[in-house]
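**Q** Sequences are here, hints too, so could you generate the full structure?
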Amino acid sequence: MTDECVQVSCPAPLSFSLRLLQWSCPENCRYVCMQAVTDKAIEEGLPVYQYYGKWPFYRCFGIQEPASVLFSIGNGLVHAYYFRQIQKQVPSSYFFKGFMLLYTIIGMNAWLWSTIFHSRDTKFTELMDYFSAGLLVLYSLYYAILRVYRLTQGLIIQALGVLFICLFVAHVGYLIIVTFDYVYNMYANVIVGGCQIAVWVGWFLVQTAQQTPAARSHYAHLAVISGIGVSLAMCLELFDFPPLFRVFDAHSLWHLSTIPLSIVWYKFLMQDTKHETNTKSYTAVKLLPA
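Per this note's numbering, the sequence shown starts with residue 7, numbered consecutively.
Quick caveat, the hints were computed from the structure, so don't treat them as lab data. Heads up, some of the hints might be wrong.
[Unchecked claim] Restricting the straight-line Cα-Cα distance to at most 27 angstroms, the calculated cross-link-like pairs of lysine-lysine (DSSO-like) are: (1) K103 <-> K280; (2) K280 <-> K94; (3) K129 <-> K60.
**A** The structure is reproduced here in structure tokens:
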């Protein structure tokens, strides 16, 4: 069927939206045939299958996975919004302001590449999506360690930063040079994410054990809700299913769930900042020597 489509359709030019997203005629024919086969399967009450490793989504103006794209944009907007809020509301004297702003930038980058990848799946966009997401997960652990253990010494901060950079470079290098192992990449992110959650849960337990209300940090539960919520939402990936209406699959719903969870996370950061600045625990930090 695909060969017949190529012979009949490829002499005609593709639409502007398809050419903009660099669809080739054979790729477009595979999409058309995939939809035709899926239509037939649904009509006959047969299961819906993946083709070329993808569910048969309805595309929109050449965008392969419209729901995942929309929800990725939503996540990116959350990070962009709180970038401005941190700039405006967090005092420049607060020790972790620079680290918080860097978190929002890394978050915006991750969701930008998620948007691009789900718009058009190529090997390059896939790599950038995976690596950007991995960087966000790793930096989240880095920030958690700095904040929870109140690491304020410049040398320790820099040494820990170099260690994390080396881990990230080694991870990326292995996937590019040795083999792109999807299972390894998944486990690496799960382990790092689990470590981050463990750090925040431990901090939460310490805060709730404090005797004085002022030291208890009543907002501490927000970090735990955000972290555990993300972990529970990841279970959607384990129970994948054919896309509802050929638009919403488990992965897109996972992206949807991270929007409110990101808001919860940033509410924690803002309340944590308010608490810490009121106690005047920190002053500004220089990441590098002058």
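**Q** Next, verify each hint and record whether it holds.
**A** Going through the hints against the structure:
1. K103 <-> K280: holds, 12 angstroms
2. K280 <-> K94: holds, 13 angstroms
3. K129 <-> K60: holds, 14 angstroms
Checked against the numbered hints given earlier, this structure breaks none of them.
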